[in-house]
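*Asks:* Read off the chains here:
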Amino acid sequence: MPSQPHPDRLLPADPRVRAVARELYRSVRALPIVSPHGHVDARLLAEDGPFPDPATLLVTPDHYVTRLLHADGVPLGELGVGQGSLDERQARQVWRRVCEHWTIFRGTPVASWLEAQLAEIFGVTDRLSSATADATYDAIAARLAEPDFRPRALFRRFGIEVLATTDDPCDDLTAHRALADDPAWTARVLPTFRPDRYLEPGDQGWRDAVMRLGEVSGIDTSGYRGYIDAVEARRRHFIDHGATSADHSHADPRTDPLTEAETSRIYRDALAGRATEAETTAFRRHMLLEMARMSCEDGLVMTLHPAVRRNHHTPTLRRYGPDTGHDIPLRAEFTDALRPLLERYGTAHGFQLVLFTVDETVFSREIAPLAGFYPSVYAGAPWWFLDAPDAVRRFQRAVTETVGFSRTSGFVDDTRAFCSIPARHDMSRRLDCGFLAELVAEHRLDLDEAAEVAAELVTANPRRAFKL
Amino acid sequence: MPSQPHPDRLLPADPRVRAVARELYRSVRALPIVSPHGHVDARLLAEDGPFPDPATLLVTPDHYVTRLLHADGVPLGELGVGQGSLDERQARQVWRRVCEHWTIFRGTPVASWLEAQLAEIFGVTDRLSSATADATYDAIAARLAEPDFRPRALFRRFGIEVLATTDDPCDDLTAHRALADDPAWTARVLPTFRPDRYLEPGDQGWRDAVMRLGEVSGIDTSGYRGYIDAVEARRRHFIDHGATSADHSHADPRTDPLTEAETSRIYRDALAGRATEAETTAFRRHMLLEMARMSCEDGLVMTLHPAVRRNHHTPTLRRYGPDTGHDIPLRAEFTDALRPLLERYGTAHGFQLVLFTVDETVFSREIAPLAGFYPSVYAGAPWWFLDAPDAVRRFQRAVTETVGFSRTSGFVDDTRAFCSIPARHDMSRRLDCGFLAELVAEHRLDLDEAAEVAAELVTANPRRAFKL
Amino acid sequence: MPSQPHPDRLLPADPRVRAVARELYRSVRALPIVSPHGHVDARLLAEDGPFPDPATLLVTPDHYVTRLLHADGVPLGELGVGQGSLDERQARQVWRRVCEHWTIFRGTPVASWLEAQLAEIFGVTDRLSSATADATYDAIAARLAEPDFRPRALFRRFGIEVLATTDDPCDDLTAHRALADDPAWTARVLPTFRPDRYLEPGDQGWRDAVMRLGEVSGIDTSGYRGYIDAVEARRRHFIDHGATSADHSHADPRTDPLTEAETSRIYRDALAGRATEAETTAFRRHMLLEMARMSCEDGLVMTLHPAVRRNHHTPTLRRYGPDTGHDIPLRAEFTDALRPLLERYGTAHGFQLVLFTVDETVFSREIAPLAGFYPSVYAGAPWWFLDAPDAVRRFQRAVTETVGFSRTSGFVDDTRAFCSIPARHDMSRRLDCGFLAELVAEHRLDLDEAAEVAAELVTANPRRAFKL
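Chains as they are written, first to last, in our numbering: chain A, 1 to 468; chain B, 1 to 468; chain C, 1 to 468.
Source of the hints: derived by calculation from the structure; they are not laboratory data. A portion of the hints provided could be inaccurate.
Claimed, not checked - DEER-style ranges, computed between Cβ atoms: (1) A:D172 <-> B:D298: 33 to 41 Å; (2) A:R268 <-> B:R207: 51 to 59 Å; (3) B:P15 <-> A:R9: 14 to 22 Å; (4) C:A184 <-> B:P15: 51 to 59 Å; (5) C:R310 <-> B:E262: 40 to 48 Å.
Beta carbons: idealized from backbone N, C-alpha and C, even for Gly.
So that you can see chain A by itself, here it is in the shape it has in the complex (with noise of 0.2 Å):
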């Protein structure tokens, strides 16, 4: 049975609103995509090499597809996670695995990402399943084959203007500078400052973390000052190489202040090994508070994508490694959380901070009142769990009637799923379209400015909230 994604899916139900969404979606369809956040590997596109196989390019890196699968008793090691590059028999077990579980997806946006890219990406529109498995296999894999299916080839085909990645303080960037000076490549692939192991001393690692930063700084960080130096170095060898914007996740977004006594005797004591959980905790919230300084100062937006308990289960992380799907949302709080930030920097010239979420419920309470005061505060897309047709509906309800839509990102598609990128963005496109089309049915927009709200989502706000 074909599983031709419908050209109306997603738009609403009703026929009248719908032709106004169609409308709508018509003339934001082909806008190009930008895209400020996400895991794609910047030596994908400089290497350029063929992808080696559907599984490895599909499935086993993406957390969406197989924490899933887990929970339906597959175990991760047959799906190819933690298993290093897969052979031919490997990669093919793999799918066929997805495959016979596929219906576990059903009502899932992995099920109509997924279908989407076999669609519109590799022409494969057999519904999957333990009888179709082997077949769409080949099918995907003579096509990666193909010169037209290289990351470089994929990028231009999906349109994209601007791709983020996430990037460690401590990487050189060599990808980055490589696609920068190539004459041959026009789009901007830019890094992302993303320095939260470095700023928690109560990390395993956290210690040689900071020794390596002072090595690739060239700056002593064995003391507090030298390992603030070091940082802003680093922070400016991103700017150097294009970043606009600085990542921060923590299990809460707490920005209480040290004095710079304080911090310098726990950043001692957490090099020694002796520094208590609360001291390190309270340093981890004074450095977010830091960060906000030197972002004032640098000009890197600030993103902040908190409350998250990473790697829930302990066997599964030491077995597999982190990012296989059991980071699990925790309740989040930003209103007194980022007092102390916002007193300080909230009016700050140029200071822009982005705010995401993995608990909806702080969307009407916390993040568009705050969006909707301070010039400094974005509402950030709704991301990870919440980037969903549904959980976008709920989002869009929740934050546009405080905050309007100029003080939201734009989309975001946080994905290391690199050709899931094209489907996430359409997804967005079309649940902007619908929301707006309902507004105009129930008379709340006039469709001209629904048409230029539209555009705007697409491209205006992403571009001015992580200053593109």
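Starting from the structure of chain A, add chains B and C where the hints point.
*Replies:* Just chains B and C now, kept in the frame of chain A:
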């Protein structure tokens, strides 16, 4: 004025979507009822005596009905609560109260359920009011005297395939045994192990409870080890009588482990009346972890309904007893609370944990992400204050995008109002079909897929989640 | 381009549902306005002078309007905030700012309310923009000079039957008295007792406030007993001037009791500047319980609007004062917080407690369950950040299923923008009728029931909840 329930009630208003919903509903309407969690007393069926009167059947024991009348100023005593058995005059008076205040139920599922019961079981289609109180009372009472309106006859007419009751660990389960041994009785009526009060040393009555546990099990419960052995023995007793699940409800679902030395000491101190509140709370949390350990060993599905402040209004508790309408929900937290349990048992073979909540904020934030990774975790259906059309729709939209349909428990009616069972399951089927029809209308699911899912939600899902 | 509000605005898009909604709306559109909670100054009506200019009337005092302009980069000073009275040049400049930035209000209720006011009160139907700024300013200004646009004339034209203001306990209420004594004035303008700052010994200014309370009441407030007597005396003063309710807003709604000895000691220490933060917080929580005790005795309805972090941005507070757009909601909790109060007074005859929230998570979790049991508790209408179409719809769906319609307060406009009152109430009526029409369309309510409810929500409910 007649109030015959409309055949299209609760289906989406849009005519094209409704047509799809109607088709789906037609295909599942007559499927048998699987009721894996509720509060009907097995003796009702074992004894099969006639129901005494309309008030005792439909009003007095159902806190869904009495709580809103109480809010409207009717004392619980006037509704028969805490009055023992009612004579004809009293019962009629209770029914009159309901009819006089009937308009306050507008917009609530209680009105829908009661109207459906009256029309479809008793053939009463007059809208309730002072004017119709006596006539409707008489009509119902007349039916209750007929043999076709005895519990077993209704049970068969309702099409119930499995009914799980909720039972005290010390219950001898003779009613369940009698039903199982009765060759004329073919349906399954299963006990559910509900040990809450044995796990809360901070509660009044705990000491008596564990002493009685010792008597019933024939195991000395004066020490922690014997207490554990006795709990395990009672679980085996339940399993021998058909139980497939154990049900747990505490103020929070934390599962922090204690050492055996700590539990033994707190147990001893609690028996002696010397344990602090912190200690009894710690003990209860440890015991929830122990319950998971036992579930891994004996196979009982673990269901969790936490975060309700029981008996909020002490004067009402004193006068009328528990379950009288003033249990009020609390904020829930699962991500960190369940982490110790899931670290240990989350991927254990055969272990199943169904999570329920009356705090709907955890649907998208915690329950769906947990059920979308752990093979043991199921997202329980919306329950209690949330078992109503709009709340069910919020549940569907909050959970499905992250976990699809396969990781949900299917509907639980959780009712002590026997005659409301078909109305509640019918409501659930209508809402499922409406949701699926909307997904079809938005081209997010094909019609054949929707039809498969509609049937699975009714039967396959509860059977799987509750091991029926 | 004209922006005449559409006659069907905010009604459901589906034509059959809209037809029902339209019929319901027609039946309530012209009912008088009952406004039991708001922030209009009674002197406005007592003095009945002309409104000075469009900016002072429609922009400067309304933080709904100024906050989003501030977020878009317009300093509050450029909007006239904190500038005292504006001259013509300044006022026109403020209006120009609004018009230049008008597109940022797209999708917000602020746009709807302002457009409705311009069209329906001032006959201005040009869409606001830089191009139309001066002409619309002139048109409004011209109207404001006419006698028909004075406060009393507008009040009558708006069809307001009752308007409750919000007043300081030390206010002499001469404006209210003057209106009540004026034979030419027949509407009710009632004060509301708002004692927050007298109950917060931790606030700067508390000492001065209670000293002034002593002067105004003629009762020595140097000790706790006298302070209580003075508060009670001022409540009687308000009741003598027509007040029916007392309004309370604190960071949390806890109501833990202290002993008289503790309160007396903390009161004394607070006056002497020696009380700790924990003590002043405990005192405030005890005082909220005391306010309920007083309400039981004197009959003032108790309304509670908790959990807002006032004046989040201290630099803005210092420069522009309070109520300037940076009050940000906090997480709310009622179940445990109100338990001491409800244990004591929850079923007290004549006691009424209306619960409001800007944390919508408590609608289904706490407020509806409480209002669905306690005869004293009413679910207050969605308020402040939540008084917008989609938020109202979430409120309707979160609350009605548990408490029906009778336990809700009816709409409160809570506004300091006098001319927005009709637009806000009209929006509420449209949304009520739309919701009811949807229930009718899904056969959850009959049309005659919906019509009754629609009218009750407009008049019977606020009259009952606020004892009007």
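*Asks:* All hints, please: hold or fail.
*Replies:* Evaluation of the provided hints:
no. : hint                          : result
1   : A:D172 <-> B:D298: 33 to 41 Å : violated, 57 Å
2   : A:R268 <-> B:R207: 51 to 59 Å : holds, 53 Å
3   : B:P15 <-> A:R9: 14 to 22 Å    : holds, 20 Å
4   : C:A184 <-> B:P15: 51 to 59 Å  : holds, 55 Å
5   : C:R310 <-> B:E262: 40 to 48 Å : holds, 45 Å
Consistency note: the structure conflicts with earlier hint 1 alone.
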